[in-house]
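**Q** Can you build the whole structure from these sequences, using the hints too?
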Amino acid sequence: MREVDLAVVGAGPAGLTAAIEGAKRGCTTLVFDMNPLPGGQLIKQIHKFFGSREHRAGTRGIKIAAELLHQAESEKVEVMVGVEVYAIHDNILEVARTFAEDSPGSSLKQEATLPSRHLAIAARRIILATGGAENALNFPGWTLPGVMGAGAAQTMSNVWRVLPGERILMVGAGNVGLIVSYQLLQGGAEITAVIEATQKIGGYGVHAAKIRRAGVPILTSHTILRAEGDLRVEKAVIARVDASWQPVPGSEQELGVDTICIAVGLRPNTRLASLAGCNLHCSPRLGGWVPIHNSRMETTIPGTYVAGDLSGVEEASTALEEGRLAGICAASSLGKSAPGDDKEIAAIEERLISLRSGPFCQPRQDAKQELIEIGEVQCRKQ
Amino acid sequence: MRRVVNHPVLGILTAAREVKIYVDGKEVRAREGEPIAAAIAAAGIRVHRYTVKRGEPRGVFCGIGQCTDCVMVVNGVPNVRTCITPVAEGMIVKTQHGAGGKGR
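If you read the protein sequences in the order shown, they are chains B and A.
Following the working numbering, the numbering of the first sequence begins with -10 at its first residue and continues without gaps.
Following the working numbering, the numbering of the second sequence begins with 137 at its first residue and continues without gaps.
All the pointers check out, no bait thrown in.
Here are the simulated DSSO-like cross-link-like pairs (lysine-lysine), alpha carbons at most 30 Å apart as the crow flies: (1) B/Lys224 <-> A/Lys189; (2) B/Lys13 <-> B/Lys37; (3) A/Lys230 <-> B/Lys224; (4) B/Lys224 <-> A/Lys162; (5) B/Lys332 <-> B/Lys65.
Computed, partial: chain B to chain A, Cβ under 10 Å: (6) Leu26; (7) Gly140; (8) Gln143; (9) Leu152; (10) Gly177; (11) Arg260.
Over 10 Å on every C-beta distance to chain A, these chain B residues come out as not near it, computed from the model: (12) Arg45; (13) Thr48; (14) Glu64; (15) Arg113; (16) Pro129; (17) His270; (18) Gly277; (19) Pro291; (20) Pro348; (21) Pro352; (22) Arg369.
No lab work stands behind these hints: they were computed from the structure.
Glycine residues also receive a C-beta, built at the ideal position from the N, C-alpha and C atoms.
**A** Here is the structure:
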């Protein structure tokens, strides 16, 4: 069986930075990703990031992905795409190809195809960076083809360059709903409306202003009642809701749309962590169930770490920092530290606090602190 | 559903090698490297399968391999996630009925 110092599951922002930091410190490092392209959700984020310069503000997600993959390559990180880790036991990862052998997969240099459909890898340290998954919203007709996650529509348009629909209703006016609406406009679709059940727009004003300027109505206190169509979405029925979230009779409107995008938040994708046996904690502010971890990102399974949206749904900028932290800590637990690591860890923690400050993000800082306090008790002492 | 050829940020869609796949017997021209789901969406196909119990139609939902709503029968193998499975020359893709195990 092949053995590595560090196995990372997920080649998104958290997984890649974790792998890069581990490899920099001399760990043999392998990254697995089930998608045909590495980069996680960064490869569909064609917008510029917010925040300060040290958090890559003004840089588009797609550019950050390219930079990380370049760095990973120069640090000799091996990135395998189109492979899925389906079980972890006793520090062994069971891996399977996600698509058929005769499929060409990605043409990236970093691609490493598996010799067979199944493979077992022993890793001294494991970092789980499996990201998040979009929440669904259940209403009559929600399973019709044409109802999809906003992220799915974003992937289709920005990564694969296929417009998922011509006339689109966006459900949810958080940042994802607003940004994806704008990007679908850029792709050439019409956004019939953005609806939001709460009384105010959840996302940043600047994103809302961009789509409003393009003539897209943003209807707050509105919900979707049902989707209708024969074999695919042909229309959506929406209505105003009152203060107790009930549809107001007579306020129904029919919208002729072929696509309905759901942008009602994300949750940590904990399936593999749960299978591996990590203890979970339910934290609504972090998106639901999350693996318990300590300040070094280590879970209740010694030697298994987490980072990014898996450890609480946040932004790509926090995922980049958490990945670095997990990578440094995992390497250091193998005796592979770099000079100045203590300072580096302190600097990362400081940047994380600044990313989680402000009225928008402070609740996440509090939730994260609570999670880490549980972790300090439940996870092994360093 | 159509290709996004001109994009204000991403620019003009670059040329890709053409790969032919066959969906329920119909030829679909795909771009090398793209997943089956993208190729068939560009060809205007929305229904990927019909459910086991009620025979309801399903299409792409998550687009990143997590939900399994978009599975189809690919080269005789049922339950293939078309959103993360790249096209290959001559691939035979079929709408999946139920679990896809019988009568495919």
